[in-house]
Amino acid sequence: MSLKNGTKMSQREKFELINFEVRSFYEYCKEAGMSDEEMDLICRPLTAAVRKASIRRWTRVFLFFVMVLAIGYTVSQTDTFQWHASAMARIVLIKLLPIWDWTPLYYNKCLIERSQPQNMDSNLVSPADCIACEAVKNVIRVSDTSYNEVFNHHLLRGAPVIVTDAHYDWSLSRSEINITNLIAQDDRLRDSVPCRILTNLRIGRQPMDLEEIASRITNSDIPSWFVHFQNCDIRAVKSFRVLAPRPYFLSPHIPPSHFNWLLLSKHYDTHRYKLLEFDVGLIIMSQLKGKSYLQLRPKSPCEEDCFTLNFELQEGETLVLGNSLWEFEYLPGKGENLAMITETDWVES
534 MSLKNGTKMS QREKFELINF EVRSFYEYCK EAGMSDEEMD LICRPLTAAV RKASIRRWTR
594 VFLFFVMVLA IGYTVSQTDT FQWHASAMAR IVLIKLLPIW DWTPLYYNKC LIERSQPQNM
654 DSNLVSPADC IACEAVKNVI RVSDTSYNEV FNHHLLRGAP VIVTDAHYDW SLSRSEINIT
714 NLIAQDDRLR DSVPCRILTN LRIGRQPMDL EEIASRITNS DIPSWFVHFQ NCDIRAVKSF
774 RVLAPRPYFL SPHIPPSHFN WLLLSKHYDT HRYKLLEFDV GLIIMSQLKG KSYLQLRPKS
834 PCEEDCFTLN FELQEGETLV LGNSLWEFEY LPGKGENLAM ITETDWVES
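Just add 533 to the spot in the sequence shown (first one is 1) and you have our numbering.
Derived by calculation from the structure, the hints in this document are not laboratory data. This structure is a prediction, so every number in the text was calculated from the model and none was measured. Even for Gly, the Cβ is constructed at its ideal location relative to N, Cα and C. All clues stand as given, with none of them false.
No farther apart than 25 Å at their CA atoms in a straight line, the calculated lysine-lysine pairs in the DSS-like style are these:
id	residue 1	residue 2
1	867	799
2	822	807
3	585	547
4	799	822
5	867	824
6	824	799
Computed spacing ranges between beta-carbons, pair by pair:
id	residue 1	residue 2	range
7	593	562	28 to 36 Å
8	629	714	29 to 37 Å
9	625	556	52 to 60 Å
10	845	632	42 to 50 Å
11	608	574	50 to 58 Å
12	718	755	16 to 24 Å
13	834	629	38 to 46 Å
All chains should be built: construct the whole structure from the sequences, respecting the hints.
Structure below.
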């Protein structure tokens, strides 16, 4: 094997030739009586060149990897990529449904339940708690109110209260509210999928996003319908806050709502109340259009001690409720109705 015909050699043959030459040189040096230190000194230029070549190679690999990451991150921030990635993920999840029913995980607030036995009983009502609502027979309406009156005079004694001017400075007229336009103009809303939904319309395949819900309720051929849904997607929660801005009497220390609900109906005449299940905390219901019939039933074991409250919430009014003692049910009015409910962390203390 010779270097003269090296251009015709394969890569492997070249490596074998180099390896052979190096071994021959090493054996010659040993026969000549050279020490390891002397051989190291002679071979130092070669080893330095190999080391530099290795550093350059790994530097190129690292820079290429950084460039790929930078390009990937830039592309992932575009609306087009996010829309297609979301669509592909939804298709994959739908295809997985016959094999694996992942919907219970989707509707859970946490994928992993934390083991905190002391908190499991915090939502339960004890017989001693019933004394807080035993004298509450009706819901008082107030206006030009304050945090002290709403919370300290009413909520802290277990009584809900209706504020008739909660959004007196609201710039958006209730006649201008159009849920379908709001959803159509907001990318965050169109692709958002509600956590819970109940409607008399056929909802077809699940999950159903807000864009599909809006398209169904705008069908002019449907004479009577209702739909309510809960938003857990924080983007949708923030977008819907424009419908019912923060009431003037809320103290700054009360955090923004973490979930919200929309209740919509049109000419839906029924006698059957709809139960809404909330987290324990502060519930604020704003009647944006029409009216709703509300029923607050005492939670067990307070059924015998406390009264069931039945009342109407008129357009422009806002119900404020600490729901630790109450089950919440509503009945839509007979005309066109729209209401929004927010859930907020709040400790009655």
